[in-house]
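**Q** Order-wise, the sequence lines are chains A and B. Residue 113 in my numbering is what sits at position 113 of the first sequence, and the numbering runs on without skipping anything. Residue 450 in my numbering is what sits at position 25 of the second sequence, and the numbering runs on without skipping anything.
One thing to keep in mind: the hints can contain errors.
What the hints assert, rightly or not - Computed cross-link-like contacts, DSS-like style, restricted to lysine-lysine with a CA-CA straight-line distance of at most 27 Å:
hint, chain 1, residue 1, chain 2, residue 2
1, B, Lys488, A, Lys147
2, A, Lys171, A, Lys145
3, A, Lys273, A, Lys233
4, A, Lys174, A, Lys25
5, A, Lys39, B, Lys616
6, A, Lys58, B, Lys472
7, B, Lys456, B, Lys488
8, A, Lys147, B, Lys456
9, A, Lys62, A, Lys174
10, A, Lys222, A, Lys174
11, B, Lys620, B, Lys483
12, A, Lys200, A, Lys2
13, A, Lys24, B, Lys472
14, A, Lys2, A, Lys174
15, A, Lys174, A, Lys233
16, B, Lys472, A, Lys145
17, B, Lys456, A, Lys39
18, A, Lys24, A, Lys177
19, A, Lys187, A, Lys174
20, A, Lys174, A, Lys147
21, B, Lys616, A, Lys145
22, B, Lys488, B, Lys616
23, B, Lys483, B, Lys616
24, A, Lys187, A, Lys25
25, A, Lys147, A, Lys24
26, A, Lys147, B, Lys472
27, A, Lys171, A, Lys94
28, A, Lys145, B, Lys620
As the list claims (entries may be wrong) - Computed Cβ-Cβ distance ranges for the label pairs, DEER-style:
hint, chain 1, residue 1, chain 2, residue 2, range
29, B, Asp603, A, Glu127, 35 to 41 Å
30, B, Glu613, A, Leu64, 31 to 37 Å
31, A, Pro129, B, Asp476, 36 to 42 Å
32, A, Gly130, B, Ala614, 39 to 45 Å
33, B, Leu461, A, Lys62, 36 to 42 Å
34, B, His612, A, Ala65, 50 to 56 Å
35, A, Gln166, B, His612, 45 to 51 Å
36, A, His26, B, Glu584, 54 to 60 Å
37, A, Lys94, B, Glu584, 31 to 37 Å
38, B, Glu618, A, Thr51, 53 to 59 Å
39, B, Val600, A, Thr162, 39 to 45 Å
Rather than coming from a laboratory, the hints here were simulated on the basis of the structure. As the structure is a computational prediction, the values presented were derived from the model and not from experiment. Backbone N, C-alpha and C define an ideal beta-carbon position, used for all residues, glycine too.
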Amino acid sequence: MKLVGIVGSNADFSYNRLLLQYIKKHFESFVDIEILEIKDIPLFNQSHDQTNSAPIQKLNRKILAADGVIIATPEHNHTIPAGLKSVLEWLSFKIQPLSNKPVMLVGASYYDQGSSRAQLHLRQILEAPGVNAIVMPGNEFLLGKVKEAFDEQNNLKEQGTTDFLQTCLEKFVKFIKVVSSINEPQKDLSAEEDLEATGKIDTTIEGVDMSAEDWVEQASEKIDAVQGDTYVKLNRGILTVNQLNALLASMPMELTFADSNNQFLFYNYTEDKEEMFAGRVPGQVGNPLANCHPPATYKNVKWVLSQLRHGNEDVVRIHVPTHGPDKYVVHSYQAMHDDTGNYMGVNEYVLDFQPIIDWYLQQTGQRLAKDETVEVDATSSASKKQEEVDSVSGASEQATSEVDSVSSASESADVDSVSSASIKS
Amino acid sequence: MNHFIGLVGTNSDNSTNRKLLQFMQKHFSDKVSIELMEIRDFPLFNKPETDQLPEVVKDAAEKISQSDGVIISTPEYDHSIPAALTNALNWLSYGIYPFVDKPVMITGASYGTLGSSRAQSHLRQILDSPELKARIMPSSEFLLGHSLEAFDEENALIEHEQVKKLNGLFEDFQVFVDLTNQLTNAHEANKQEAKNFNWETI
Chain A
1 MKLVGIVGSN
11 ADFSYNRLLL
21 QYIKKHFESF
31 VDIEILEIKD
41 IPLFNQSHDQ
51 TNSAPIQKLN
61 RKILAADGVI
71 IATPEHNHTI
81 PAGLKSVLEW
91 LSFKIQPLSN
101 KPVMLVGASY
111 YDQGSSRAQL
121 HLRQILEAPG
131 VNAIVMPGNE
141 FLLGKVKEAF
151 DEQNNLKEQG
161 TTDFLQTCLE
171 KFVKFIKVVS
181 SINEPQKDLS
191 AEEDLEATGK
201 IDTTIEGVDM
211 SAEDWVEQAS
221 EKIDAVQGDT
231 YVKLNRGILT
241 VNQLNALLAS
251 MPMELTFADS
261 NNQFLFYNYT
271 EDKEEMFAGR
281 VPGQVGNPLA
291 NCHPPATYKN
301 VKWVLSQLRH
311 GNEDVVRIHV
321 PTHGPDKYVV
331 HSYQAMHDDT
341 GNYMGVNEYV
351 LDFQPIIDWY
361 LQQTGQRLAK
371 DETVEVDATS
381 SASKKQEEVD
391 SVSGASEQAT
401 SEVDSVSSAS
411 ESADVDSVSS
421 ASIKS
Chain B
426 MNHFIGLVGT
436 NSDNSTNRKL
446 LQFMQKHFSD
456 KVSIELMEIR
466 DFPLFNKPET
476 DQLPEVVKDA
486 AEKISQSDGV
496 IISTPEYDHS
506 IPAALTNALN
516 WLSYGIYPFV
526 DKPVMITGAS
536 YGTLGSSRAQ
546 SHLRQILDSP
556 ELKARIMPSS
566 EFLLGHSLEA
576 FDEENALIEH
586 EQVKKLNGLF
596 EDFQVFVDLT
606 NQLTNAHEAN
616 KQEAKNFNWE
626 TI
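So here's chain B without its partners, still in its complex pose (with noise of 0.2 Å):
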C-alpha cells in the first residue's frame, strides 16, 4: 500500500484544503494511507548562514522522503500560493532535497469560483525550480469551487462530478507514482543539480 504525505497549503486554522485532504485520507483509506502534514509550525524563512534547520523541517522533510508521493492542496491568496506554503517549500529546499523527483498530485479549494487555479498554476512552476525538482503530475487540476458549501456535516465532498473526478485523477496519481518510480535514469544528476544550488557558493 502506498504511503502520501497530504501537505495542508495553509497555517489557517480554518480551512477547506485541509477538509478537502481529509476527505482524501478517508475516502481513499482502503486504497492508500495519507499522512496530513501541517506547515504553521515553520518559522519565517529567512536565508539563515548556518546549516541548522528547525527540528519542524528536518521532521517534515524526513517524511516526505519516506512517502511514496505527496499531495498539496493550495488556496489562492492574491493570485498565488499563501505565503506560508512558499515559506514551507523555501525551507524544504534549503540544503535538503525531499522534493527532487517526488510525485506531486497537485489539489486546490477555494471560497470562489475559480478553485485556487492562479496558485496552481504558481505552484507548479515553484515544484519546477531546481531547488525542488519534483515530478508534478502533468495535465491534472482539481479546482474545488466554492469550498465552504462543498461539503456535508460528515465533512464528505457532496457533489457526486466532484467526487467521480476526484476519483479518477487519484488513481491517475497511483499510476503516475509508479512511472515516476521508472523515471530514475536522471535522479541522480537531479539530486546533484539541486544540491549544487548552493545560495551562496555559486
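Same shape as in the complex, but just chain A (with noise of 0.2 Å):
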C-alpha cells in the first residue's frame, strides 16, 4: 500500500509534519508513506497558470501514483492554512490527481481542538467537484496540546494516542480497498453465463445426452420420474401428474423453464412448432440453451439470463413485433427463486397482451391515447438492448405471422359480449 502525506504547512516548523514523520516511520512495517511538502507551491492565481510548473507536477504526479493520501493540516483562523488552501485550487484547476482518491485527514493544533474546525472546513473542500476527493468519514485523528505530544525522539508520548491512530490507519487501508471496488468499472456478469450448460446442479440428470431427442423418455426411466395419476404434493395442493399436465397447458401462455444450470428442461407442450409464437419441438427438451438458439443470439440470451440470476432484474420483458400489428406479444423472462431467494433459472411465458388490453379497455369504457411526451421503443421494451432484442429469444426468429390459435378466443365477437353480459345480469 503506497500512500502519500501531504505537509498542510508552509511553516519552516510545522507540529503536523512532525506527526507525519512520525506516522511514517512508526507504521512502516504496514504501510509506505512518502512525505510530500507544499512549501514551493506558489499562491494559486487563476490569472497566472502555474500548473505546468516542476513542483505543482511533482505533487501530481505523486499523488496520481499513491493509493491514497493523508492529509495533516493545521488549523488557522478557524480554517486550513492559505498555504494548504492554494495547493488545493491547483490541484483542481486544470488537473485533478485528487479525483476519486481516497484521502485520510489528520490534524494537529496547539489547544485542546487539534484543527477540528479546519478539518471539517477540509472536507467540505476535498468533495467540491473540482477536487472531488473520497474522505473517509468518521476517525477524525486531532491531535491537541501539540506542544506536549511528542517526546525528544520525536514519538508520540501517549499510547492510546498511537493506538488510535493505528486504529484509524488500519482503516483507512480498508477503506482504500472499498473504494477502489466502487471505482472499478462494473464487470460485464453476462460473459460467465455457461449456454452449453456444462456445469452440475443438485436436480442435474446425469449420465443422459442432453440432445438426445428423447432425452425426457430416457431421463425419467433412469430417475424413475412419477407420471400418469401418481399424486404430486406441491407447496399448497396435491395434484396428479396429469392434473399439473393440464393445469399447464391450460395457462394462456406458452411457458418454458430453464434451470438455473441453463438447462432447457420443460414446455407446456400445446401445439405443434408452427402454432406457437416461440415454436419449439418436444426434442429440444433437455438441451443445454447454446442449442435453443442461433449463436449470433448468444451474447443477448446471456445478457438476459445474468439480469435475472444477478438480481439486476425480475423480469426481462420483450415486445416481439412480427406477429402482426393486431396482436402484442410479449416474451417475459421471470426469475425463479426458492425459498431462501437462491436463483432457480428462468421462467419464460409468451403472452399475447392484445386481448386482454381490449378486455380491460371495453370494461372500463377508456380508449389508448398516445402520450406525445413519451418517447416508445417500439420494438420493444427492453431498451437497454432494443438494437439487438428480436434475436434474444431464441424461438421469435422461428415465429410466423400466421400464428394466430393462441389468442383465438379474442378474435370472435360473441365470447366478448358473452362474457361482459353475464357480469352484468
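Join the two chains into one complex using the hints; note that each chain is given alone, in its own frame.
**A** So, in C-alpha cells, the structure goes:
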C-alpha cells in the first residue's frame, strides 16, 4: 500500500509535519508513506497559470501514483492555512489528481481542538466537484496540545494516541480497498453465463445425452419419474401428474423453464412449433440453452440470464412485433427463486397482451391515447438491448405472423359480449 | 461620511467580485466613500519567525484600522474562499489585529447559481476566529449568481431586484456600523484576547 502524506503547512517548523513523520516511521512495516511538502507551491492565481511548473507537476504525479493520501492540516483562523488551500486550488484548476482518491485527514494544533474546524472545512473543500476526493468518514484524528505530545525522539508520548492512530490507519487501508472497488468499472457478468450447461446442480440428471431427441424418456426412466395419475405434493395442494399437465397446458401462454444450470427442462407442449408464438419442438427439452438459440444471439441470451441471476431485474420483457399489428406478443423472462431466495432458473412466458388490453378498455370504457411526451421504444421494452432484442428469444426468429390460434378467443366477438353480459346480468 | 474599505477577495485579474465592489463604490458615492483594496501583492503566508510584516500587509492593516467598516466580496473556489483571501486574512491577523470589532459586510459573486454561498459561510466562521474577531453583520447575505451576465456595459447591476436588495442591505450595514460603535464594552478584552492568541508562545 503506497500512500503520500501531504504536510498542510508551509511553515519552516510544523507539528503537522512532525506528526506525519511519526506516522511514516512508526507504521513503516504496515504502510509505505512518502511525505510531500507544499512549501514550493506558489499562491494560486487563476490569471497566472503555473500548473505546468515543476513543483505542482511533481505533486500531481506523486498523488496520481499513490493508493491514498493523508493530509495533515493545521488550523489558522478557524480554517485551513492559505498555503494548503492554494495547493488544493492548483490541484483542481487544470489537473485533478485527487479525483476519486481516498483521503484521510489528520491534524495537530496547540489548543485542545486539534484543528477540528479546519478539518471540517477541509472535508467540504475536498468534496467540491473540482477536487472530487473521497474522504474517509469518521475516524477524526485530532492531536490537541501538540507542544506536549511528542518526546525528545519525536515519538508520540501517549500510547492511547498511537493506538487510535493505528486503528485509523488500518481502517484507511480497508477504506482504500472499498473505494477502489467502487471505482472499478462494473464487471459484465453476462460473459460468465454458460449456455452449454456444462455445470451440474442438485437436480441435474446425469448420464443422459442432453441433446438426445428422447431425452425426456431416457431421463425419466433413469430417475424413475412419476407420471399419469400418481400424486405429487405441491406448495399448497396435491395434484396428479395428469392434473399438473392439464393445469400448465391451460395457461393462456407459452411457458418454458430452464434451470440455473441453463438447461432447457420444460415447456407446456400443447401446439406444434408452427402454431406457437415461440416455436418449440419436443426434442429440444433437455438441451443446453446454446442448442436452443442461434450463435448470433448468445450475447443477448447471456445478458438476459445474468440480469435475472444477479437480481438486476426480476423480469425482462421483450416485445416481439413480428406477429402482426393485431397482437402484442411479449416474451417475459421471469427469475425463479427457492424459498431462501437462491436463483433456480428462468421461466419464460410468451403472451399476447392484446386481448387483455382490449378487454380492459371495454370493461372500463376507456380508449388508448398516445402520450406525446413519452418516447416509446417501438420494437421492444428491453431498451438496453433494443437493437438486437428480437434475437434474444431463440424462438422468435422462427415465429410466423400467421400463427394466431393461441389468441383465438379474442377474435370472436361473441365471446367478449357473453363474458361482459354475464357479469352485468 | 463613513469611509469603508472594499476588500476584493481574489487575486485574479478578472473578477466579478471586483466589479461588484466598483459598482457599490459608485452607486453609494453620495452616502459613503468606499476605497477598494487589492490582495494580489500579499506574499504567501508561512508563519514567519520574525515579527517583521511585509509593507503591503502593514499598509492594508493601517487602512482597515482607519476605516469605519469593511466590505469583503468573495468568490468561491472549491466550496470555500480563495486561498488568496485566506492568505490575506492570515497576514492581517498575525501579530496585528485590524479586524477586531471592525464592522464587516460580506458580499459575493459567482458565475453559477449559488453566488458563493458556501464560501460566504466559511468566511463568517473565519472572521469569527479569535485572531480576527470581526463584527460581521448578522443574518445578511448578498449572493450575486450568474455574475458574468449581471452587469451592463457601464458595469452597473442590471437586475432591479438585486439593486433593491443591495440598497437595503447597505443601509442596514450603515446602521450596523453605528450600532457596533456602541458595542465597546468588550473591545479592550477582545483586543487583548487577539493579542494573547500568539501562535508560538501559548
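**Q** Now, for every hint given, state plainly whether the structure supports it.
**A** Hint check results:
1. B:Lys488 - A:Lys147: Measuring from Cα to Cα gives roughly 36 Å; hence the hint is violated.
2. A:Lys171 - A:Lys145: holds, 25 Å
3. A:Lys273 - A:Lys233: Roughly 31 Å separates the two Cα atoms, so the pair is violated.
4. A:Lys174 - A:Lys25: Distance ~20 Å between lysine 174 of chain A and lysine 25 of chain A Cα, so the pair holds.
5. A:Lys39 - B:Lys616: Since the Cα atoms of lysine 39 of chain A and lysine 616 of chain B sit roughly 31 Å apart, the hinted pair is violated (cutoff 27 Å).
6. A:Lys58 - B:Lys472: holds, 24 Å
7. B:Lys456 - B:Lys488: Distance of about 19 Å is within 27 Å: holds.
8. A:Lys147 - B:Lys456: The given pair, whose Cα atoms are some 51 Å apart, is violated under the 27 Å limit.
9. A:Lys62 - A:Lys174: holds, 21 Å
10. A:Lys222 - A:Lys174: Given that 27 Å is the threshold and the Cα spacing comes to 52 Å, the pair is violated.
11. B:Lys620 - B:Lys483: holds, 16 Å
12. A:Lys200 - A:Lys2: violated, 43 Å
13. A:Lys24 - B:Lys472: Within the cut-off at roughly 25 Å; holds.
14. A:Lys2 - A:Lys174: holds, 13 Å
15. A:Lys174 - A:Lys233: violated, 50 Å
16. B:Lys472 - A:Lys145: Since the Cα atoms of lysine 472 of chain B and lysine 145 of chain A sit roughly 19 Å apart, the hinted pair holds (cutoff 27 Å).
17. B:Lys456 - A:Lys39: violated, 45 Å
18. A:Lys24 - A:Lys177: holds, 20 Å
19. A:Lys187 - A:Lys174: At roughly 21 Å apart (the allowed maximum being 27 Å), lysine 174 of chain A and lysine 187 of chain A satisfy the hint.
20. A:Lys174 - A:Lys147: violated, 31 Å
21. B:Lys616 - A:Lys145: This hinted pair holds, its Cα atoms lying about 24 Å apart.
22. B:Lys488 - B:Lys616: Holds, at roughly 18 Å.
23. B:Lys483 - B:Lys616: holds, 18 Å
24. A:Lys187 - A:Lys25: violated, 38 Å
25. A:Lys147 - A:Lys24: holds, 20 Å
26. A:Lys147 - B:Lys472: Distance of about 17 Å is within 27 Å: holds.
27. A:Lys171 - A:Lys94: violated, 31 Å
28. A:Lys145 - B:Lys620: holds, 19 Å
29. B:Asp603 - A:Glu127: 35 to 41 Å: With a Cβ separation near 40 Å, aspartate 603 of chain B and glutamate 127 of chain A satisfy 35 to 41 Å, so the hint holds.
30. B:Glu613 - A:Leu64: 31 to 37 Å: violated, 53 Å
31. A:Pro129 - B:Asp476: 36 to 42 Å: holds, 41 Å
32. A:Gly130 - B:Ala614: 39 to 45 Å: holds, 41 Å
33. B:Leu461 - A:Lys62: 36 to 42 Å: Between leucine 461 of chain B and lysine 62 of chain A, where Cβ atoms are some 40 Å apart, the hint holds.
34. B:His612 - A:Ala65: 50 to 56 Å: The hinted range 50 to 56 Å holds for histidine 612 of chain B and alanine 65 of chain A, with Cβ atoms some 53 Å apart.
35. A:Gln166 - B:His612: 45 to 51 Å: holds, 47 Å
36. A:His26 - B:Glu584: 54 to 60 Å: Check passed, 58 Å falls within 54 to 60 Å.
37. A:Lys94 - B:Glu584: 31 to 37 Å: holds, 33 Å
38. B:Glu618 - A:Thr51: 53 to 59 Å: Violated - the Cβ-Cβ distance for glutamate 618 of chain B and threonine 51 of chain A, about 41 Å, lies outside 53 to 59 Å.
39. B:Val600 - A:Thr162: 39 to 45 Å: violated, 55 Å
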